[in-house]
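Novice: In terms of numbering that gives the first Met the number 0, the sequence shown has 59 at position 60, counting the first letter as 1, and numbering is strictly consecutive.
No wet-lab data here; the hints were simulated from the structure. Just so you know, not all the hints are guaranteed correct.
As the list claims (entries may be wrong) - Below, computed lysine-lysine pairings styled on DSS-like, alpha-carbon distance capped at 30 Å:
#1 LYS560 <-> LYS575
#2 LYS583 <-> LYS560
#3 LYS367 <-> LYS313
#4 LYS342 <-> LYS525
#5 LYS313 <-> LYS521
#6 LYS203 <-> LYS313
#7 LYS419 <-> LYS313
#8 LYS560 <-> LYS180
#9 LYS166 <-> LYS182
#10 LYS464 <-> LYS180
#11 LYS554 <-> LYS182
#12 LYS521 <-> LYS534
#13 LYS178 <-> LYS464
#14 LYS342 <-> LYS464
#15 LYS367 <-> LYS575
#16 LYS464 <-> LYS313
#17 LYS521 <-> LYS542
#18 LYS436 <-> LYS464
#19 LYS464 <-> LYS166
#20 LYS166 <-> LYS178
#21 LYS534 <-> LYS575
#22 LYS166 <-> LYS419
#23 LYS272 <-> LYS203
#24 LYS542 <-> LYS342
#25 LYS272 <-> LYS367
#26 LYS182 <-> LYS464
#27 LYS542 <-> LYS575
#28 LYS203 <-> LYS367
#29 LYS534 <-> LYS367
#30 LYS166 <-> LYS342
Said to hold, decoys possible - Simulated DEER-style distance windows between Cβ atoms:
#31 ASN418 <-> ASP539: 49 to 57 Å
#32 GLU538 <-> THR380: 21 to 29 Å
#33 HIS535 <-> THR380: 18 to 26 Å
#34 LYS575 <-> GLU510: 29 to 37 Å
All C-beta atoms, glycine included, are put in the ideal place defined by N, C-alpha and C.
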Amino acid sequence: MTVEDLRELGALSGDGFSDYDEDGFLSTVSRIVSSSLRIGSVDSINETMSMRYLPSQPTILSQREYLMAFVSQTTPSCYTRSQISRYKYEQNVASATTGNLRCCSVLRVKASKLSSRQTGFSSLSWNTIKTPWESLSNVGCKRGLQMVVFASPPTEDAVIAAEPLTKEDLVGYLASGCKPKEKWRIGTEHEKFGFEFETLRPVKYEQIAHLLNGLAERFDWDKIMEGDHIIGLKQGKQSVSLEPGGQFELSGAPLETLHQTCAEVNSHLYQVKAVAEEIGIGFLGIGFQPKWGLKDIPIMPKGRYNIMRNYMPKVGSLGLDMMFRTCTVQVNLDFSSEVDMIKKFRVGLSLQPIATALFANSPFTEGKPNGYLSMRSHIWTDTDNNRAGMLPFVFDSSFGFEQYVDYALDVPMYFVYRNKNYIDCTGMSFRDFMAGKLASIPGELPTLNDWENHLTTIFPEVRLKRYLEMRGADGGPWRRLCALPAFWVGLLYDDVSLQNVLDMTNDWTAEERQMLRNEVPKTGLKTPFRDGLLKHVAEDVLKLAKDGLERRGYKESGFLKEVAEVVRTGVTPAEKLLDLYHGKWGCSVDPVYEELLY
0 MTVEDLRELG ALSGDGFSDY DEDGFLSTVS RIVSSSLRIG SVDSINETMS
50 MRYLPSQPTI LSQREYLMAF VSQTTPSCYT RSQISRYKYE QNVASATTGN
100 LRCCSVLRVK ASKLSSRQTG FSSLSWNTIK TPWESLSNVG CKRGLQMVVF
150 ASPPTEDAVI AAEPLTKEDL VGYLASGCKP KEKWRIGTEH EKFGFEFETL
200 RPVKYEQIAH LLNGLAERFD WDKIMEGDHI IGLKQGKQSV SLEPGGQFEL
250 SGAPLETLHQ TCAEVNSHLY QVKAVAEEIG IGFLGIGFQP KWGLKDIPIM
300 PKGRYNIMRN YMPKVGSLGL DMMFRTCTVQ VNLDFSSEVD MIKKFRVGLS
350 LQPIATALFA NSPFTEGKPN GYLSMRSHIW TDTDNNRAGM LPFVFDSSFG
400 FEQYVDYALD VPMYFVYRNK NYIDCTGMSF RDFMAGKLAS IPGELPTLND
450 WENHLTTIFP EVRLKRYLEM RGADGGPWRR LCALPAFWVG LLYDDVSLQN
500 VLDMTNDWTA EERQMLRNEV PKTGLKTPFR DGLLKHVAED VLKLAKDGLE
550 RRGYKESGFL KEVAEVVRTG VTPAEKLLDL YHGKWGCSVD PVYEELLY
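Working from the sequences, and respecting the hints, build out all of it.
Specialist: Have a look at this one:
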């Protein structure tokens, strides 16, 4: 492969590439690709990366990230890592991001409500914009381009209230997420299980710490610390975090197209694989821990999880399973107005069971079939029903930002973060906090940061923050990580498809929606619905998603291929795994660690 061949790649073509051209870098990658891939045409490379229709302007990811993502899918990481490291391409991702592609939604509150010390909201929120250097109060040290954040709070940049918060402030916080359609972005999050190659056992914190430190040093991520423990990473608008049982999560940047989203996922998986293989661990794309029991799962050293672990058994029988043994993929999407939010919220809740079926991928528990196609989804039905579920009030004629605030105010709290410590407030309400009546910190009043943190502890099938989160899908292999956002973007970001789905689901009753929620984890697309099966509804919905993507004009409908096969056959990913278990695998779940290895 020559330098000119590389120029033909969709992601790096034409004038968009010339602004960032470095011949040495291109020559290095050309040599790597030619010597290790033995691929004969640019077309086959484009097909491998699903990047044939990437915009010509490399907007969010740098050249290095695009090419690393490509090479990771087609060549052994031990080779490409050593070769690429010879040519350190220090193109800062943020500087390659044009201003009009940034999604800035920082709430503007009346000056009388905030002191002059306010700097903004959490830079961990996917649709806010900050540089890593804005939060100087949290900076411990800098090494080159790297930053270490010490005693990282659940959100950064404390907002100090000069006056008590009012309900109007809380409503305004949610409403501040409204933005014009041209500024809508796609934020994808996914979790995965780490395991030791030799034993298949879940990874210990020490191994994860090694991985996080390796990623920080090799790929210029900033470390996030809690006390002496590294608990996450941050780079631009991306972050890596740990779930309670060591599930490894990427929270992606807000991106404009699905091509960029998939390239981001590929780049992340390349980086993780490059470091993880050296320490003998891999990662599994599945929705529920298939082999190990709760007693076998290491506990991560994060203060908020200690509080949740003690509280969960008091409010449901499956909360600890949710914390330690589940993985999901979700997409975060914008809205233009309160009316638009309501439409998308209702469609998201109505169709969430279809997404659960399409991505059902958790049929095993402790080495045996568990009777469900999505055990992960079932677990949420008895985790904590005060903060989970289908939210029937969203379909009330009076629903809007204020009604969601009323709901959230009465969802029991988990914690308050003060002076680098998590204070247990389990069972208390944010409404009492607003009145200064929390028994744990009497007289203390909340800040908007406290409100933002509280919203992250509510777990319905669709969650409202300053954007909407679609939360109904199991974790899965990398192609499905691209398919999930494609499904929802096609339905919710196209006005025609959105209205068609609203018309289709308008007469569905609360009882029917709840029935689907309860039955789909067991029966998937074969769930009876009205005069047919859920499969027949899914066929219509998938066509609307495909049409919506095509009208967007980015040639993104190819990302639906993974779910199109599921809809065509009516066979979910979980059912395919069960067939393998009863056949080729000889009633053992161990082969799933190879089948679904990233």
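Novice: Against each hint, give a clear statement of whether it holds in the structure.
Specialist: Okay, the hints, checked on the actual structure:
1. LYS560 <-> LYS575: holds, 17 Å
2. LYS583 <-> LYS560: holds, 25 Å
3. LYS367 <-> LYS313: Judged against 30 Å, a Cα distance of about 28 Å means the pair holds.
4. LYS342 <-> LYS525: holds, 27 Å
5. LYS313 <-> LYS521: At roughly 26 Å apart (the allowed maximum being 30 Å), LYS521 and LYS313 satisfy the hint.
6. LYS203 <-> LYS313: Since the Cα atoms of LYS203 and LYS313 sit roughly 27 Å apart, the hinted pair holds (cutoff 30 Å).
7. LYS419 <-> LYS313: holds, 26 Å
8. LYS560 <-> LYS180: Holds. LYS560 to LYS180 sits at ~26 Å (cutoff 30 Å).
9. LYS166 <-> LYS182: holds, 27 Å
10. LYS464 <-> LYS180: Holds, at roughly 18 Å.
11. LYS554 <-> LYS182: Judged against 30 Å, a Cα distance of about 19 Å means the pair holds.
12. LYS521 <-> LYS534: holds, 14 Å
13. LYS178 <-> LYS464: holds, 14 Å
14. LYS342 <-> LYS464: Within the cut-off at roughly 15 Å; holds.
15. LYS367 <-> LYS575: holds, 15 Å
16. LYS464 <-> LYS313: Satisfied, since the Cα-Cα distance of roughly 26 Å is no more than 30 Å.
17. LYS521 <-> LYS542: Cα-Cα ~25 Å, so holds.
18. LYS436 <-> LYS464: Answer holds: LYS436 to LYS464 is near 25 Å, not above 30 Å.
19. LYS464 <-> LYS166: holds, 15 Å
20. LYS166 <-> LYS178: Holds, because 22 Å separates the two Cα atoms, which is no more than 30 Å.
21. LYS534 <-> LYS575: holds, 16 Å
22. LYS166 <-> LYS419: Given pair LYS166, LYS419 holds - Cα atoms ~27 Å apart, limit 30 Å.
23. LYS272 <-> LYS203: Satisfied, since the Cα-Cα distance of roughly 17 Å is no more than 30 Å.
24. LYS542 <-> LYS342: Holds, at about 19 Å.
25. LYS272 <-> LYS367: Given that 30 Å is the threshold and the Cα spacing comes to 28 Å, the pair holds.
26. LYS182 <-> LYS464: Holds: LYS182 and LYS464 sit about 17 Å apart, inside 30 Å.
27. LYS542 <-> LYS575: holds, 23 Å
28. LYS203 <-> LYS367: It holds: about 24 Å lies between the C-alpha atoms, which stays within 30 Å.
29. LYS534 <-> LYS367: Distance ~27 Å between LYS534 and LYS367 Cα, so the pair holds.
30. LYS166 <-> LYS342: Within the cut-off at roughly 23 Å; holds.
31. ASN418 <-> ASP539: 49 to 57 Å: The hinted range 49 to 57 Å holds for ASN418 and ASP539, with Cβ atoms some 54 Å apart.
32. GLU538 <-> THR380: 21 to 29 Å: holds, 27 Å
33. HIS535 <-> THR380: 18 to 26 Å: Distance hint for HIS535, THR380 holds at roughly 25 Å.
34. LYS575 <-> GLU510: 29 to 37 Å: 31 Å Cβ-Cβ, so the 29 to 37 Å window holds.
Checked against the numbered hints above, the structure breaks none of them.
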